[in-house]
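Going down the list, the sequences are from chains L and R. Residue 119 in the working numbering sits at position 119 of the first sequence, with consecutive numbering throughout. Take any residue in the second sequence, count from 1 to its spot, add 1000: that is its number in the working numbering.
Derived by calculation from the structure, the hints in this document are not laboratory data. Beta carbons: idealized from backbone N, C-alpha and C, even for Gly. A couple of the hints might just be wrong.
As the list claims (entries may be wrong) - DSSO-like cross-link-like pairs, simulated, lysine-lysine; straight-line CA separation at most 30 Å: (1) L:K180 - R:K1072; (2) L:K237 - L:K254; (3) R:K1022 - L:K241; (4) R:K1151 - R:K1022; (5) R:K1072 - L:K33; (6) L:K180 - L:K109; (7) L:K115 - L:K93; (8) L:K247 - L:K237; (9) L:K244 - R:K1022.
Said to hold, decoys possible - Facing chain L, according to a computed beta carbon distance under 8 Å, are these residues of chain R, among others: (10) V1132; (11) L1134; (12) G1138; (13) Y1142; (14) N1146.
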Amino acid sequence: MFDNLIARAIIPVTIAVTGFVIFGCLLLYSFIKADMTADAVRYADSLVETVVKSTHYSMMEDDRDALRNIVANVDSLDSVERVRIYDQTGHPKFSDLEGITEPGSVAAKVDTWAKTFMQSGYPGRENIQQRVDHENGYIAVTVPILNEPKCFTAACHVHSEGEQTLGFLSIGITSTQLEKTLAVLRYRMIIFSIMVLFLTIGGVTALLRMNLFLPILRLTYNAEQAAQGVAEYDLPKSDHKLGKLNKDFRLLVKQRDQALEDLKAMGNLDRNVDDGSR
Amino acid sequence: MTQETEAPLPDINPLRKQVQAKIKRLELHSSTGLWILALFTVLSMGAFHNFDFLPPLSEGIRSALGDGPPVKYINWALVMYGFSAIILILTQMASDKKPRGALGHLGYLGAFYLFYHFSEGLSENFWAIFVVGLTILGLQSYHVWNYYHEKIQEQREILVELDKLMD
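Go ahead and model the full structure; you've got the sequences and the hints to work with.
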């Protein structure tokens, strides 16, 4: 019965606390991951915007050396894995490492992904495209280089007015640092959850044991002793955690002791009366 | 002098059979929580595979349904639901009320899987729904088992008393 009492008190608390703490941590991790990923994408977007703005003048002037320099300088950033400027048909015109892309590398994956948007007739061809690939560890952004009056009126090379997109700029940055931070966060959350679980379940168990189970155990022991005939004043002193229940139990035992004494006294009186009448 | 004859006791066999049938019925009820937990596990296995065993929805139905809600709103709804459901079940347990609503919880959890699926956030949030579902249905099935176990004990005590009467 006592084992059941412990189980019934502890099991629901354990299930509820364990489940909710794990659930909370998973969801919190999901929120933090989304926020950190959004930050990383914002960084990639701003990098792309910087490259577009810095290459704009060189494109207008048809300064290919300057364009090559800009692409090479951007590529020298630690996080940048791929920078490429494509023409409108999806052929690379300026690239960080022309011709030495290892198959399966982040650069190759970014190229494969970027080329899907460059096909003519692709619905979102004129929009900025972003991709976050946590599994392969990269964030890629592709922006269309749109036609403008200065382009089709320039003397250097002729674009017709009807061409909407003149090319694409594709940048792929590694998300290794982001993945590392997320991994550290995961471990910290696991350790924190285990600590919270131990403290909560241990704390609840200790409090229940101290305030409920031990007083009940003492009362059970006293009841056993009383049932074996031990008098109230010989019963071990109990604490006051069970309050009225404990007081009433001792009163019952006291009344039983009193009744036994009275019976004994009555028995002695009867014997004396019997002796006197003889 | 008239001799008083003791009136014969009524036949208690039908009563015994009634109690035995009630025990069987209660035993069946006590395992419903586990059945629902098993159903949820099967549903979760489907969700884990992104419901790819189901035929895809036609474009017409997709456009009629519209875009799914943003994932962050579903996340908040899940937090509110998980918290309220656990409190509700703990309150039911504390007041020793008849357990109700296990099928409803299964429905809510299934709806969350579907909402995440249509909002393309299922792979990111699968474990969160799975854990909260296990917690809610685990607590519920524990409450169901506990509640009906006590009822079965009561009926068994009645059965013992009836057996004594028969002897």
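Which of the numbered hints are not met once you compare them with the structure shown? 3 and 9
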